Every structure is written in C-alpha cells, then in structure tokens.
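Fit chain R to the given chain S structure using the hints.
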Amino acid sequence: QSVLTQPPSLSGAPGQRVTISCTGSSSSTGAGYDVHWYQQLPRTAPKLLIYGNSNRPSGVPERFSGSKSGTSASLTITGPQPEDEADYYCQSYDTSLGYWVFGGGTKLTVL
Amino acid sequence: EVQLVESGGGLVQPGGSLRLSCAASGFTVNNNYMSWVRQAPGKGLEWVSIIYSGGDTYYADSVKVKFTISRDNSKNTLYLQMNSLRVEDTAVYYCARARRDVNNQYFFDYWGQGTLVTVSS
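Going line by line, the protein sequences match chains S and R. Everything in the first sequence is counted per the working numbering, starting at 2 for the first residue and increasing by one. Everything in the second sequence is counted per the working numbering, starting at 9 for the first residue and increasing by one.
Since the hints were derived computationally from the structure, they do not count as laboratory data. None of the values given here were measured: they were computed from a predicted structure. From the three backbone atoms N, C-alpha and C, an ideal C-beta is built for every residue, glycine too. Don't take each hint at face value.
With a Cα cut of at most 30 Å, we get these calculated DSSO-like pairs of lysine-lysine [as the list claims (entries may be wrong)]:
1. R/Lys-83 <-> S/Lys-48
2. R/Lys-83 <-> S/Lys-108
3. S/Lys-108 <-> S/Lys-48
Some but not every residue of chain S turned toward chain R, in silico, with C-beta under 7 Å [stated by the list, open to error]:
4. Ala-46
5. Tyr-52
6. Phe-65
So here's chain S without its partners, still in its complex pose (with noise of 0.2 Å):
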C-alpha cells in the first residue's frame, strides 16, 4: 500500500489528453510538500520528468504538464505519442514517516 495513491493504468490515444492522478494525506501532499514526477520506459531506469509540482526540465516535452492542488496533485499529457508509453510515477515527503515516498505507479497505454 504506497502512500500516495495513483490509478494503476490509464489510456489514451493521440489528440487526446490524458491526466494522471497523486493523491497523498495531510501528513504528505496536503502538508504543502512537492510532488514530483517520473517516467520508467520499459526495462530501463526512471528519468524525471516533472520537478517542483510544474516544472519541466530541459528536453521534456511541452506535451507533459504537472499541477497540485490541496492533497493531489495531476500529471497531464496532452496528444500522448506511443514513445510514451510507461510507467510514470509520483513522489513527494511524508513527514510522518519522516523519508521520501513514491505513489504506486501508473501504467500508460497510448491507443
């Protein structure tokens, strides 16, 4: 049982927007901590891909956006392409554990 929870797949097709939801408790997400996202391609090491609840590092593309609100927080890609199809996964503190903490992991099908 992670933490923060997210759907443990979701599909999309091309030209259609996809949203991937974190939700956490108010001892993670709605204590104000940051969610940060990930990208796991199959058999290969993750790579961030969100930073700081929205912000996208250098070569990530516009496609992918992120937002928190209260305890949840979303990752949205908009016009998924078949390169994205992965496992993306979320990842905040919790101060009641007192350490970092990932969501469960959501699988991606592009249709």
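What follows is chain R alone, placed relative to chain S:
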C-alpha cells in the same frame, strides 16, 4: 555529463550480505545529497536511503539497522552495505542524485541504470 553506474548486485542467500557501489561522474558525490531507491520485480519504486552532503544518513523503516549508506570521496562513489538480507529485499537497486527545488523540496534528477539483487536459497 552526469553519469551514475551501479555495480555489486547478484545472488545472495537469505541472511547474507552484499555491498552495492555507485560510481559517479560529471559531479562530486560529497557535495550532493545521494540516495538509493529500489524496485522489486513487477512492483513500484521504494525509497531506501539518503546521505546528505554533510554526512547525515536516513533510512526507510524497512531497511533501518540492516542497511548502511556511505560514500568514498576519493573515488566519488556511493555505497550501500546490505546485511541480514531477506527474500523481500530482492529488487533492482538504483542510485540517484537528489536536488532541491525552489521550495527546498528534494527530488531525484539523475538515476543510474540499476543493479539487480536477488535473495534466494
């Protein structure tokens, strides 16, 4: 160019020990916060441990007492000493560099390719 290369994984019996290494290039390990994250087969990511630039160390409850994170400044290398290994410690272990955002929140900007640790009799 920042690069992290893990090594040291392998097959170990329950109760055994293993030391993982993470050789860094393109930046200085002891000037950064460095972390270990693991991923059990078919499962999600689990944060394991971190060492601050000042030397403070922290661990997930699941590995506290069993694992020790350290670094060798002369080799620019991060380590994870794993003792009393159990089947549930089987995972790919990634080292990652931690960075701070504008709100002083830490995220992991560079990751190694991972090294597989299998605990089995």
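For each hint, the structure was consulted:
1. Taking the CA atoms of R/Lys-83 and S/Lys-48, the gap is near 25 Å; set against the 30 Å cutoff, the hint holds.
2. Restraint check: the Cα-Cα separation between R/Lys-83 and S/Lys-108 comes to about 38 Å, which exceeds 30 Å; the hinted pair is violated.
3. The suggested pairing of S/Lys-108 with S/Lys-48 holds, with an alpha-carbon distance near 15 Å, which does not exceed 30 Å.
4. Using the Cβ-Cβ criterion of 7 Å, the hint placing S/Ala-46 at the interface with chain R is satisfied: the shortest such distance is roughly 4 Å.
5. The interface hint given for S/Tyr-52 holds, since its Cβ lies 5 Å from the closest Cβ of chain R, which is under the 7 Å cut-off.
6. For S/Phe-65, the interface hint is violated, since its Cβ never comes within 7 Å of a Cβ in chain R; the closest pair sits about 15 Å apart.
Of the numbered hints stated above, those contradicted by the structure are hints 2, 6, listed in ascending order.
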